[in-house]
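So the sequence lines, in the order shown, correspond to chains A and B. Heads up, the first sequence is in numbering that gives the first Met the number 0, so the first residue is 0 and it goes up one at a time. Heads up, the second sequence is in numbering that gives the first Met the number 0, so the first residue is 0 and it goes up one at a time.
Careful: at least some of the hints might be erroneous.
Distance condition first, Cα-Cα at most 20 angstroms in a straight line; then the derived EDC-like pairs of lysine to aspartate or glutamate [stated by the list, open to error]:
| # | chain 1 | residue 1 | chain 2 | residue 2 |
| --- | --- | --- | --- | --- |
| 1 | A | Lys155 | A | Asp228 |
| 2 | A | Lys58 | A | Glu73 |
| 3 | A | Lys331 | A | Glu199 |
| 4 | A | Lys58 | B | Asp42 |
| 5 | A | Lys295 | A | Glu165 |
| 6 | A | Lys58 | B | Glu103 |
| 7 | A | Lys331 | A | Asp363 |
| 8 | B | Lys47 | A | Asp36 |
| 9 | A | Lys155 | B | Glu60 |
| 10 | A | Lys331 | A | Glu278 |
| 11 | A | Lys58 | A | Glu104 |
| 12 | A | Lys295 | A | Glu278 |
Derived contacts from chain A toward chain B, CB cut-off under 7 angstroms, selection only [as the list claims (entries may be wrong)]:
| # | residue |
| --- | --- |
| 13 | Ser60 |
| 14 | Glu73 |
| 15 | Asn145 |
| 16 | Phe148 |
Rather than coming from a laboratory, the hints here were simulated on the basis of the structure. Cβ coordinates follow ideal geometry from the N, Cα and C atoms, glycine included.
Listed here are the chains, written in short residue letters.
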Amino acid sequence: MSQNIAGMFGAVFSWLPCAPDDLTAARQATGLSVVCDLQGLWGDPVEAQRWALQHVAPKLSTGEIGCIATREPEVRLCRDWLIMRAAPMVDLSSRVEVERALKDEYYARLMPLSIVWGWLTADVDNHVEHASRRGLRVICSTNSPNLSFLAQISPKRTSWTQPHSEWLREVGRKAYVSFVLAAGDTASVMLTREWGRWDEAARGHVPFAWEVQPLLARVAPVVLESCYDSASPLDRFICGPSGAGYAQLLLLPNRRAFMEDTAALCAVCDLDIVGLHTEFSPDMARDWATYFPTAKGFIYGWAGRPEVPPRAVDGKPHVYYALMPERPDGEKTREYYEAVASAIRDHVRSRGLPCVVLVHMFPDVSGPDDVPRIVECLGDIPVEIVPVDTALEVLGRITAEQPHSGHWAPGGY
Amino acid sequence: MRMRPGSTLIELLVVIAIVAILAATLFRSYGLAENGDPSAELDALAAKLARADPAGTGPIERTRPATMVTVDCQRLTHTQKVAMMFLQGLANRRGPRLFLGGLEPFNVGADRWWSIWSESTGLRDAPLTGRVLWSGSGRSLVGWSSGMRSYR
Chain A
0 MSQNIAGMFG
10 AVFSWLPCAP
20 DDLTAARQAT
30 GLSVVCDLQG
40 LWGDPVEAQR
50 WALQHVAPKL
60 STGEIGCIAT
70 REPEVRLCRD
80 WLIMRAAPMV
90 DLSSRVEVER
100 ALKDEYYARL
110 MPLSIVWGWL
120 TADVDNHVEH
130 ASRRGLRVIC
140 STNSPNLSFL
150 AQISPKRTSW
160 TQPHSEWLRE
170 VGRKAYVSFV
180 LAAGDTASVM
190 LTREWGRWDE
200 AARGHVPFAW
210 EVQPLLARVA
220 PVVLESCYDS
230 ASPLDRFICG
240 PSGAGYAQLL
250 LLPNRRAFME
260 DTAALCAVCD
270 LDIVGLHTEF
280 SPDMARDWAT
290 YFPTAKGFIY
300 GWAGRPEVPP
310 RAVDGKPHVY
320 YALMPERPDG
330 EKTREYYEAV
340 ASAIRDHVRS
350 RGLPCVVLVH
360 MFPDVSGPDD
370 VPRIVECLGD
380 IPVEIVPVDT
390 ALEVLGRITA
400 EQPHSGHWAP
410 GGY
Chain B
0 MRMRPGSTLI
10 ELLVVIAIVA
20 ILAATLFRSY
30 GLAENGDPSA
40 ELDALAAKLA
50 RADPAGTGPI
60 ERTRPATMVT
70 VDCQRLTHTQ
80 KVAMMFLQGL
90 ANRRGPRLFL
100 GGLEPFNVGA
110 DRWWSIWSES
120 TGLRDAPLTG
130 RVLWSGSGRS
140 LVGWSSGMRS
150 YR
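Isolated chain A (complex conformation) (with noise of 0.2 angstroms):
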């Protein structure tokens, strides 16, 4: 109950917390006394952080909080970075009442789009709508090692250029197929190679796009650096949602300033596009073209929204993914292949050629490394497998030439 708690005391007075279980052998070995047991101390989570609140909170930074579920007792977040920059830490539900009006004491105190660190499994839709409506942004971060390390590394610049594909001739009848990993929002993924994606075969060798947290510029930016040395000129960065944080930007009170603070984030990062898992709104795709001159595009979704069409907005697209590879019951089979194939090709019936199709990979479920198989199954339909950036110049063009036509989901998050 206490554990966030003796994480804001080891803030303030250098105290190194442990857990009751390992303070004995703690003593034992090291020598060091215990200066203070916060067992027994109050009755229940809310009156703690309620004291913390008053009592320690005052001496702890203002431009951040981590939100760590103490009760899921594997994620433990980065409790690094936290105790280093000294931010609050609080176990609070944006759910539950008497919570989310403690939480909400918290959030006050913070700086306008300060990061909310940690993803509260059970609660996500609410924790990221409490924290937008406080015109904070989250920063997914279950199970980020060491970001406490990298952060404090100088990197060789201060800005990084990604490839960039050249401008097209023209745009033939075929379908324009380009895969992205998802969950880029997340300090996690970079900071664990991509889940691991980052090592498979088959990057380098066809066009591939990956979502980046552009705060890691800031954060630790020796992260990005090193992503960003390492690319092939078939890998491509994508702005992850919702832009620089994730945030559900139509609660945003704040959000020209997110906006723009992502434009600038992503001129550091020569980010382009911009992942948004808000639905599409013709006032914030307004915005975006306003504050964000310089984007050449917005996807949306998580997973797949493939009826939604596609749509220019003061001469943007705007797309939805198609799809997203589902988890698979057992190991990946040609029929697995088949089914994610034909779910390309469904696509591009309902939509004729020419066409886009964005697919959106889970990094816990596909990777580069899956997109010759589905590129085997996808029969005789005329393909081309091309670089996001190339994708969406092509849905630009497309854009501009088709009436819009079709209808777009209301807005709101």
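Please build the complex by placing chain B on the supplied structure of chain A, with the hints as guidance.
Below, chain B alone, put in the same frame as chain A:
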């Protein structure tokens, strides 16, 4: 970067002590009541907090590490890993000093990222050896600063 395999709890705790001392993060007695009634202890804590300076959270001054310690955490329990992460954050307040490997079972291979990085920046593999870890023989931890690994 190749980490010494098979850390035990005792090794971990010695490392904790080393880095704690080096980073001036060691436990100290603040004269709080032990086993007293909770409200008195909370009052004492509140008074101590009221007198404390705000924890510094200024901009990070980044460096290239000349020395660092790596610890393999694969065999540690969850709470031991948490303690190590807290220690890591305290130790790293003064620069990149402590790297923890094998924190996540699904992600052991990801430590390779930083192996590649250290090679690309000219840092050579120089693991913290068992001899260095144990040369302090138990609780006598003074002088363990020589046990900090040097890459250069």
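Structure-based check of each hint:
1. A:Lys155 x A:Asp228: 10 angstroms, holds
2. A:Lys58 x A:Glu73: 28 angstroms, violated
3. A:Lys331 x A:Glu199: 16 angstroms, holds
4. A:Lys58 x B:Asp42: Holds, at about 17 angstroms.
5. A:Lys295 x A:Glu165: 14 angstroms, holds
6. A:Lys58 x B:Glu103: 31 angstroms, violated
7. A:Lys331 x A:Asp363: 13 angstroms, holds
8. B:Lys47 x A:Asp36: 15 angstroms, holds
9. A:Lys155 x B:Glu60: 14 angstroms, holds
10. A:Lys331 x A:Glu278: Violated, at about 31 angstroms.
11. A:Lys58 x A:Glu104: The hint holds at about 15 angstroms.
12. A:Lys295 x A:Glu278: 18 angstroms, holds
13. Ser60: Since chain B brings a Cβ to about 4 angstroms from Ser60 of chain A, closer than 7 angstroms, the hint holds.
14. Glu73: 6 angstroms, holds
15. Asn145: This hint holds: Asn145 of chain A lies near chain B, its Cβ roughly 6 angstroms from the closest one there, short of 7 angstroms.
16. Phe148: OK, holds: Phe148 of chain A within 7 angstroms of chain B, min 5 angstroms.
Hints 2, 6 and 10 from the earlier list are contradicted by this structure; the remaining hints agree with it.
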